[in-house]
Amino acid sequence: MALLTTEDVLNKKFQYVKFREGYDQDEVDEFLDEVVSTIYSLQVENQELKEKLEAAERRVAELSNSDFTPAETPAPAAAPAVEAPALMLNGPQDAESATSMLALAQRVHDEYVRDGEEQSAKIISEANAERDSIIADAQKQKESLLSQLDQERELLENKINGLRTFESEYRSNLRSHLESLLSEVGNNTN
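Take the sequence shown: its letter number 116 is residue 116 in the working numbering, and every next letter is one higher.
Take the hints with a grain of salt, since some may be wrong.
Here are the simulated DSBU-like cross-link-like pairs (lysine-lysine), alpha carbons at most 30 Å apart as the crow flies [stated by the list, open to error]:
id	residue 1	residue 2
1	K142	K12
2	K13	K140
3	K122	K13
4	K12	K140
Hints in this document: simulated from the structure, not taken from any laboratory.
Using the sequences and the hints given, assemble the complete structure.
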């Protein structure tokens, strides 16, 4: 899996879910897994660089503690005397070279650590901002849905009250009509 870049995190778009409000939870989880994987890879790389730096520091300490002098080897009598190339350096030059290499390694290590910390802080900050945005959107949608449901409930309650009033009036009118019919039938029989 390729490491995420800050552009990947900034430009990540999630699909909306059709049957419920919010983002596709699987897609968000996969993206957060990629963020975690990237941070983990940076931490592993950081640890490896620290170990290499420690090994380089030990090597420099070894070189500076030992007085490095090349051993003289007698040349064979039959072979013509050939001067060895100047590949080996004197002890102080070796120590100075090792010190400058150590300083360079330390500087590179510090840059990697700083870059890694900045990237991880930025990724975490962006992920937190994305999370807060998702939560805020979900909260707005929840409030909107609750408001809509309250309005629908109020409308249904008004309809129920209207139907109850209609039923009461209808019963009253029906009772009056039936009583008048009964009284007419009673008057006609007399």
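Here's how the hints hold up against the structure:
no.: 1; hint: K142 <-> K12; verdict: 24 Å, holds
no.: 2; hint: K13 <-> K140; verdict: 19 Å, holds
no.: 3; hint: K122 <-> K13; verdict: 18 Å, holds
no.: 4; hint: K12 <-> K140; verdict: 22 Å, holds
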